[in-house]
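> Okay, here's what each chain looks like letter by letter:
There are 2 protein chains.
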Amino acid sequence: MRTVLVIGIGAGDPDHLTFQAVAAMRRADVFFGIDKGAVKDDLAALRGELLDRHVEGGYRVVDAPDPERDRDASGTAYRDAVLDWQDRRAGLYAAMIADELGPDGVGAFLVWGDPSLYDGTLRLLAGIREADVATGGEGFDIESVPGVSSVAALAAAHRLILNRVGGSVLVTTGRRLAAGMPRDVDDVVVMLDGATTFASLPDDDVAIYWGAYLGTPDEILVSGDLQKVKDEIVRVRARARERKGWIMDTYLLRRDPGRR
Amino acid sequence: MRTVLVIGIGAGDPDHLTFQAVAAMRRADVFFGIDKGAVKDDLAALRGELLDRHVEGGYRVVDAPDPERDRDASGTAYRDAVLDWQDRRAGLYAAMIADELGPDGVGAFLVWGDPSLYDGTLRLLAGIREADVATGGEGFDIESVPGVSSVAALAAAHRLILNRVGGSVLVTTGRRLAAGMPRDVDDVVVMLDGATTFASLPDDDVAIYWGAYLGTPDEILVSGDLQKVKDEIVRVRARARERKGWIMDTYLLRRDPGRR
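If you're matching them up, the sequences are chains C and Z in order. Numbering of the first sequence is given in the working numbering, commencing with residue 17 and proceeding in unit increments. Numbering of the second sequence is given in the working numbering, commencing with residue 17 and proceeding in unit increments.
Each hint can be trusted.
Quick look at which bits of chain C chain Z covers, simulated, 3 or more residues with Cβ under 8 Å: (1) 123-133; (2) 192-205.
Counterexamples of contact, computed for chain C against chain Z with all Cβ distances above 12 Å: (3) L67; (4) V78; (5) R104; (6) D247; (7) E248.
These are computed hints drawn from the structure, not numbers from a lab. Where a beta carbon is used, it is the ideal one built from N, C-alpha and C, also for glycine.
All chains should be modelled from the sequences, with the hints used to inform the complete structure.
Structural data, given as structure tokens:
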């Protein structure tokens with residue numbers, strides 16, 4: 017049976033890698049990559065560094081271009097745009113698996129952070145396997161190797177515990193935060209916020225803990241009262257993004273930050 | 017300056033350890049432990065295994081007994097009981113740090129999973145440092161090393177992505193879930209549920225993905241429609257807990273599981 021591994025490689029620091037991830041990398045006959053445009057060079061560099069360091073005797077990488085995606089869609093059109101883009105991506109993945117994996121071959125995807133948070137690879141693979149089996153193929157095994165998420169890296173950089181005593185934590189997106197801080201959760205981690213939504217929140221008594229390029233030499237951290245530091249974060253973020261050509265950032269919003 | 021490291025060692029699999037965690041372990045002069053009663057033997061065994069494997073030339077461990085805690089409190093009394101127990105625990109930690117760390121000494125706590133989720137160590141240390149500085153001490157540096165959380169381990173074991181496309185994920189406790197599935201979040205990870213709260217939820221069209229002793233040879237996984245598998249989970253859980261003397265489990269509840 018063919019096997020496809022989805023390996024979490026951590027949030028940017030090569031030393032976020034786990035021993036389990038290294039063992040999984042050593043099982044792979046081929047590494048599948050997706051060309052990510054602007055982010056590509058840094059991503060490819062980290063991947064190359066990890067493979068050079070941990071996989072002896074060389075390795076094989078097969079890359080596919082990332083399909084175009086409508087990034088201007090909003091509302092339900094946003095969801096449709098993402099699903100459409102994922103469907104086209106699935107076609108590329110399916111072709112790579114069919115072309116590159118022998119009967120007992122092992123392929124691997126290296127993904128940022130942890131495969132279970134805001135990464136679509138596992139969903140795509142499950143869909144491809146389903147389609148393969150539905151058309152008479154024998155499918156393939158899927159394995160997921162957990163990693164240090166950018167959420168964990170953010171918390172560590174700020175020495176934070178995400179939850180308060182007995183409390184909940186919501187992990188959400190910038191798009192959803194645009195509707196305002198949720199009423200019944202006081203600790204909110206926000207991912208994928210290209211629009212600096214935090215800066216438009218009117219809330220007082222909310223602290224923000226923000227981080228970009230977490231775990232890398234370019235890591236930037238800003239924290240403080242949301243209303244007092246939001247302009248600084250917007251400024252720092254725009255400058256960093258212009259300099260590097262891309263940015264990955266995340267943050268925690270904490271209501272009533274004085275409470276344990 | 018003295019330094020205290022809080023090192024996430026992953027959810028139970030020794031290979032969840034990161035290279036960053038190993039580097040941090042090698043910086044420590046002393047490892048602080050807390051006697052956890054029933055869980056103690058397994059916890060101490062994993063800690064010993066990790067230290068034996070990764071820290072050359074021997075290591076020093078100092079243990080303190082864990083203070084008694086009122087586990088029957090509920091409502092606001094629960095929060096007070098946890099805070100009271102953490103305050104007494106803080107006294108023990110403060111004494112260990114004062115007694116065992118020289119002027120530039122490095123101490124370390126090894127914690128399950130990731131230090132930022134439902135682990136109080138960072139909060140206790142911040143409080144101890146504050147009290148130390150307030151009484152004329154020079155305090156100490158605190159560093160946090162992220163790890164693979166039990167949430168990530170649960171997701172990997174079930175090959176799950178926790179969020180749906182563009183959706184949110186709530187991480188909460190069994191106590192809070194007792195009020196019912198939240199209305200506006202469809203993916204809910206539940207920790208610290210000693211009362212099998214899931215079994216009392218009336219909801220249809222909810223899937224559960226449950227795991228215990230994640231990442232260990234004792235790992236148990238059950239998943240399916242909540243109403244169909246809840247009795248099996250309660251049964252399996254009770255049996256496992258009786259056999260081992262303790263259990264650590266977590267689960268995802270997913271409303272409308274057919275949707276991407």
